[in-house]
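K.L.:
The lines below spell out each chain.
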Amino acid sequence: MSTNLRIALRFLTARRRAMVMSLACITLGVGLFVVTQATTTGFERFFIKTIVGTNGAIRIEDRIQETLRTMEAERGNDASGFVVEVKEGRKYIQGIQDPALLIEAVRRFANVAGTSEVLYGAAEIRSSFKNEAARVYGIQLEDHLQVSDLARQIVRGHLADFRQTPAGTLVGIKLAERLQLEVGDSFQLQAGGEVRRYRVSAIFETGIGEIDKDRVFLHLGEARSLLRRPTGASFIQVNVLDRDRATQDAAHMEAVLGHSASSWQERERTWLDVFRALRLSTSITVSVFTLIAGIAMYNTLALVVMEKTKDIAILRSMGYTRRDVTRIFLWQAAMVLAVGALLGCGLGAAVTYGVSLMKIRIRGIFTADHFIVAWSAWHYLSAVVISVVMVMAASLIPARRAARLEPGDVIRGTAQ
Amino acid sequence: MKTPSGMPSSLAPSADHAVLRCEGLHRSLGQGEGQVHVLRGVSFAARRGEVYAMVGPSGCGKSTLLYLLGLLDVPDHGEIWIDGQLMPRDDDAARTAARGRHLGFVFQFHFLLLEFSALENVMLPMRKLGRWSLPEMQERAHALLTSVGLGGKTHRLGNQLSGGEQQRVAIARALANQPSILLADEPTGNLDVRNSAMVFDLLTGLARQNGQAIVVVTHNPELAARCDHTLPMRDGQFVT
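In order, the protein sequence lines correspond to chains A and B. Note that the working numbering numbers the first sequence so that position 322 is 322, with each residue one more than the last. Note that the working numbering numbers the second sequence so that position 146 is 562, with each residue one more than the last.
Worth flagging that the hints you see were computed from the coordinates, not collected in a lab. Mixed in with the good hints, there may be bad ones.
Unchecked claim - Among chain A residues calculated to face chain B with C-beta under 10 Å, some are:
1. L9
2. E44
3. R63
4. I64
5. K308
6. Y320
Said to hold, decoys possible - Now the stretches of chain A that chain B is said to cover, found in silico as 3 or more residues with beta-carbon under 8 Å:
7. 10-20
8. 309-317
9. 321-331
10. 397-409
Backbone N, C-alpha and C define an ideal beta-carbon position, used for all residues, glycine too.
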């Protein structure tokens, strides 16, 4: 153990109560930072998992057609210089004409893990009790399971039944509740002039209210018949290996394939911004505790410096340098900080665990029955880094003041 | 015959033999209208193995001179040499290093670090100097405390020792780095008569034995009379 550290350790005991206060503030600051980060990140990640598991990482849909171009009237040396400048634009041609060809091209992208051809259209759903507007999604089940969490979203019934039954359907839970449909019940779907009868194979819950209240999955062939669209697809849902790269991949696909491609980040920008703002605001709020810890440490060290002026002078008379004195006081702050950060991380982990057991019913943007937390070393690292910066910056002032003390002035009794 | 600064010539050893020497030291304290010219061009030299007592009324500049000689303060004018080396006025690091290597201090109010034991207090200057290993430092600190009669109380904290014992620990600590110069500011000023005599004898005895120059500031004429040289001061100068 270095001599400066040894001296710092003994000086710590001089203001035990004040040091304990500083320690408590650091512990609370670090602990609460960890908890707020764990909960906000937990809900954000769960939201992302839900939307990616439902609508896929990338959706490729309308074909793009460039419509307007800026044109030069004439080229060459004799050019008039006349230019027709118009605002360049695009036209989107709804749907995908040749989905098989497009899927083949999409699968060549390195990050792509799965593709699913989807045909959708509006329909009216009729049960024995009432009618509701619905959106019919025609899928090839095995393909769609590769690009979604549909298997895990089934809350009643079985996918096997859907797989084996041509007239089988998967119905959103809210829609099923409104129509009082249960697994095995039959209902009618009307689209255009076509009316067909189907059976509920299973009921799913994505957690996203807008989806659960009107979505019905059919086999792709059935959907084509019902919607009278024997060819083409509405969109291709794509799953990727690294979902954080979805935006770059979508831009690349759009440029190469000539179809609009939107990543999950682009589609859910509003909600993602809300989560980001929430996480930032809670970080700022709980950082106040760390700020108070810094002020408390400043106050404590300033008191210790005042009490220890003679000790500082005697150390200086023995050959201890100004840098030694600075280090002695910074070591004190560092020791309290280390213990506080350690306790804070422990407190954060314990409270995070406690919070994760708390019951809370959330429906709308996702489905959760308890608090969702994220366990990440970055939360702990961020909390510790913030407390280190604040506490050490605050400690530097009294430490440097101690180092500036002139031993002659102190011993003579004229230290200011 | 006197030196230009007013110092008796007999007390002015040549620069070759002096372990501590100063010339033309001036120092003013306070600011503005309250400024006092405390030292007025003092010159002084001290040899190894000899004890010098600075005496004089309060405010005559004894302690101020001692702090200047101990490099705890910086003179307004004048120079100080330690072991023949000129001490820079504006290089705090060099002055601090010189303090650790050449100087030992004993103050009136002991100034022990009360959170440390007697042994640890004595080891503090040695730890900073880094000349000895840990076992050597412990052995040396133990020997020094034994020599001041505290061999049985080495592990007592500073606040578990009496005033006289604390001052003896301070003497052991001042001798820890084998300094060539020992500076003592009223080392017995806070002690009773019996302890005063004991501490003074210890201080001078050990220093003489080790060949160290001792400069003592004291109000006690009896102690001053037992020193090799007495240097009376008045109004910031030595007087005959």
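K.L.:
Against each hint, give a clear statement of whether it holds in the structure.
P.N.:
Quick rundown of the hints versus the structure:
1. L9: Because about 9 Å separates L9/A from the closest Cβ in chain B, which is inside the 10 Å limit, the hint holds.
2. E44: Violated. Min distance 49 Å.
3. R63: With a minimum Cβ separation of about 76 Å from chain B (threshold 10 Å), the hint on R63/A is violated.
4. I64: Hint on I64/A: violated, closest Cβ of chain B at ~71 Å, above 10 Å.
5. K308: 9 Å, holds
6. Y320: 6 Å, holds
7. 10-20: Holds: 4 residues of the region 10-20 of chain A have a Cβ under 8 Å from chain B.
8. 309-317: holds (count 7)
9. 321-331: Result for this restraint: holds, n = 3.
10. 397-409: With 4 residues close enough to chain B, the hint holds.
Hints 2, 3, 4 from the earlier list are contradicted by this structure; the remaining hints agree with it.
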